Amino acid sequence: MSNKEQQQAYAEKIKPLQPKPPYFMNCLKAFLVGGFICIIGEALQKFYMTYFNFNEQTAGNPTAATLILISALLTGIGVYDKIGQFGGAGSAVPVTGFANAVTSAALEHKSEGIVLGIATNLFKLAGAVIVFGAVSAYIFGMIRYAFKILM
Amino acid sequence: MEYLWAFLVGGAMCVVGQILMDVFKLTPAHVTTSFVVAGAALDAFGIYDNLIKFAGGGATVPITSFGHNLLHGAMASSEDHGFIGIAMGIFELTSAGISSAILFGFLVALIFKPKG
Chain A
1 MSNKEQQQAY AEKIKPLQPK PPYFMNCLKA FLVGGFICII GEALQKFYMT YFNFNEQTAG
61 NPTAATLILI SALLTGIGVY DKIGQFGGAG SAVPVTGFAN AVTSAALEHK SEGIVLGIAT
121 NLFKLAGAVI VFGAVSAYIF GMIRYAFKIL M
Chain B
1 MEYLWAFLVG GAMCVVGQIL MDVFKLTPAH VTTSFVVAGA ALDAFGIYDN LIKFAGGGAT
61 VPITSFGHNL LHGAMASSED HGFIGIAMGI FELTSAGISS AILFGFLVAL IFKPKG
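Chains as they are written, first to last, in the numbering used here: chain A, 1 to 151; chain B, 1 to 116.
Since the hints were made in silico from the structure, they are not lab data. Just so we're clear, the structure is a prediction, and the values are computed from it rather than from any experiment. The beta carbon of each residue, even a glycine, is placed where N, CA and C say it ideally should be. Among the hints, a few may not be true.
Derived CB-CB ranges, DEER-like [unchecked claim]:
(1) A/Asn3 with B/Pro114: 33 to 41 Å
(2) A/Lys4 with B/Ala29: 46 to 54 Å
(3) A/Pro19 with B/Thr27: 50 to 58 Å
(4) B/Thr27 with A/Lys148: 34 to 42 Å
(5) A/Lys13 with B/Asp49: 44 to 52 Å
(6) B/Ile111 with A/Ala43: 25 to 33 Å
(7) A/Thr58 with B/Phe24: 31 to 39 Å
(8) B/Thr27 with A/Leu32: 19 to 27 Å
(9) B/Phe83 with A/Phe52: 14 to 22 Å
(10) A/Phe47 with B/Lys53: 18 to 26 Å
(11) B/Gly82 with A/Leu32: 45 to 53 Å
(12) B/Lys53 with A/Ile77: 44 to 52 Å
(13) A/Phe52 with B/Leu110: 39 to 47 Å
(14) A/Pro22 with B/Ala29: 19 to 27 Å
Input sequences plus hints: build the corresponding full structure.
Take a look at the structure:
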């Protein structure tokens, strides 16, 4: 038997022994946590639109910054990890999950020093989001721009 | 009413992420990257703007809006500068998010001690 077949046979063999994730409960928790974070975001957006000079287009910027500040602080005191254990994707998909990835990667490598530890590892986990976002935005932007010229 | 739609739409996006994690066994990093690409793709067809009008915070808080903002900045700047504008404007709208993530992440890592 080749190595690959052996791996497949092993994966088949242990399948009944692996615990099945509680799909419904996980989804419900993710829904509640994610929805709650979005309500906070909506409230912040309203706050910035009423008390500061932001319109619907620009209010997203300070809202994201405030959520990132809250999430970074919660990560620092160790609360966000607990929210993440409970909420699963509900805490990873909102922009707070991005800030959590940045802060936790930096905290984890703090012992290696400020430059080589914190600053180097700041985007260790969250860098993938920026790379894929920029590349896809570039490609879609090119396509849309090409369409606009041709049409 | 706006809060209800924000809750429902934002929660639904997180359920999609949870299903990708549980059923398709993706890591959270894979889920967030695919959400960013999906946000840029939806914006390319003009769908995401309607979702924001409809759900407010439910559409701007999930990471899909990051991809949407990247493309939006690129397109706005390409109006003035053409092809080169795409590269110039790509981080225009998201710079607040990225710079605050760098600043707060760095400061928190300096001040707090790692847990666990």
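Here's how the hints hold up against the structure:
1. A/Asn3 with B/Pro114: 33 to 41 Å: For B/Pro114 against A/Asn3, whose Cβ atoms are near 39 Å apart, the range 33 to 41 Å holds.
2. A/Lys4 with B/Ala29: 46 to 54 Å: For B/Ala29 against A/Lys4, whose Cβ atoms are near 26 Å apart, the range 46 to 54 Å is violated.
3. A/Pro19 with B/Thr27: 50 to 58 Å: For B/Thr27 against A/Pro19, whose Cβ atoms are near 18 Å apart, the range 50 to 58 Å is violated.
4. B/Thr27 with A/Lys148: 34 to 42 Å: holds, 37 Å
5. A/Lys13 with B/Asp49: 44 to 52 Å: holds, 50 Å
6. B/Ile111 with A/Ala43: 25 to 33 Å: holds, 27 Å
7. A/Thr58 with B/Phe24: 31 to 39 Å: Cβ of A/Thr58 to Cβ of B/Phe24: about 36 Å, so the range 31 to 39 Å holds.
8. B/Thr27 with A/Leu32: 19 to 27 Å: holds, 22 Å
9. B/Phe83 with A/Phe52: 14 to 22 Å: Given a distance of about 35 Å, which is not inside 14 to 22 Å, the answer is violated.
10. A/Phe47 with B/Lys53: 18 to 26 Å: Once the Cβ atoms are compared, 19 Å apart, the range 18 to 26 Å for B/Lys53 and A/Phe47 holds.
11. B/Gly82 with A/Leu32: 45 to 53 Å: Holds, at about 46 Å.
12. B/Lys53 with A/Ile77: 44 to 52 Å: violated, 36 Å
13. A/Phe52 with B/Leu110: 39 to 47 Å: At roughly 29 Å between Cβ atoms, B/Leu110 and A/Phe52 fall outside 39 to 47 Å, so the hint is violated.
14. A/Pro22 with B/Ala29: 19 to 27 Å: 23 Å Cβ-Cβ, so the 19 to 27 Å window holds.
Figure legend: structure checked against the earlier numbered hints; hints not met, in rising order: 2, 3, 9, 12, 13.
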